[in-house]
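Each chain is listed here by its residues.
There are 2 protein chains.
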Amino acid sequence: MGIIHKFSGDEARFDWQGVKAESYTSGEVKGVTKRVLVGPEEGAPYFVMRYFEVRPGGWTMLHEHPHDHGVLILKGKGEVTLNGKKQEVSRGDVIYVSPNERHQFKNTGNEIFGFICVIPNRKLVEPQ
Amino acid sequence: MGIIHKFSGDEARFDWQGVKAESYTSGEVKGVTKRVLVGPEEGAPYFVMRYFEVRPGGWTMLHEHPHDHGVLILKGKGEVTLNGKKQEVSRGDVIYVSPNERHQFKNTGNEIFGFICVIPNRKLVEPQ
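Chains as they are written, first to last, in my numbering: chain A, 1 to 128; chain B, 129 to 256.
Cut-off 25 Å, straight-line C-alpha distance, at most; resulting in silico cross-link-like pairs (PhoX-like, lysine-lysine):
(1) 77/A with 134/B
(2) 251/B with 162/B
(3) 134/B with 75/A
Derived, one-sided and incomplete: chain B residues facing chain A with beta-carbon distance under 8 Å:
(4) 172
(5) 198
(6) 246
Think of the hints as simulated: they come from the structure by calculation, not from any bench.
In this text, a Cβ means the ideal position worked out from N, Cα and C, and glycines have one as well.
Model the full structure from these sequences, guided by the hints.
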C-alpha cells in the first residue's frame, strides 16, 4: 500500500512525518544527516530515495561503489567532486554519479546544503 | 561518467540544461509535461528520475502498473488518489505508490503542480 510522508519542516530545516534523521560525523564524513524518504520500510523493492543535509563546513565521504546516484540539489550550494574534477552546484542542479565513479559532496556555503539522492536497492546491484 | 544538468529555470518554470520537455494531453492525461533528469541517456542502469509539471486543472493518468513510484512534491498543491482514496498534498510532501496500486495526481491549485517521480529501470521489473 502507498504511503504519504507529510512535510513537517520549514525552509530552514526540512523534516517529514514518519521519517527518522540519522546524523554522521567521523574522520571520513562531517556534519551529514540522512533521511530515508522511500525505501525498505515503505516496501520499495527497486530504489531508495534519501534526503541528505550537509552542514556549513561539512562533507560526505570521498569514495566510489558499484551503485549509482541520482542527485537533485534542494537547498544551498556546494562543490561536487566527480572523478577528481570539482564543480560548483546549487539549488535545482541535477547530478548523476555513475557506478564506480569516485565522488564527494561538500558544503561551500553558509547555509544547509540539502539534496535528494536516489540509489538502487542494494539487492539489484551485483558485487564488482 | 557522471553528468551535471545545471538548473536553467526560475521559480515559475523549472528547466535544466541538456534536458528535454515532453508535453502530454489526451483523453487520459491533461496538461502534463515530463522531463527525464536521470535515466537511460545518462547511462543509469537501475532507476529513472523524472520531473513532472501538471498545469492548473490538469491531471495524470488514473492507472496502475507493476513498477512503483517515489514522489516528492516540489511546487504547488494537488490531490493524490491511491487505491481510490484521495488526499491533498503540497510542496515537500513525499508519496510512495506501491507496485500495482491504482493512482492519479491532479492539480487542485492555481499554480504549476510539480513533482519528482522516481521509477525503476523497466528492465528490472518483471511483467505481471
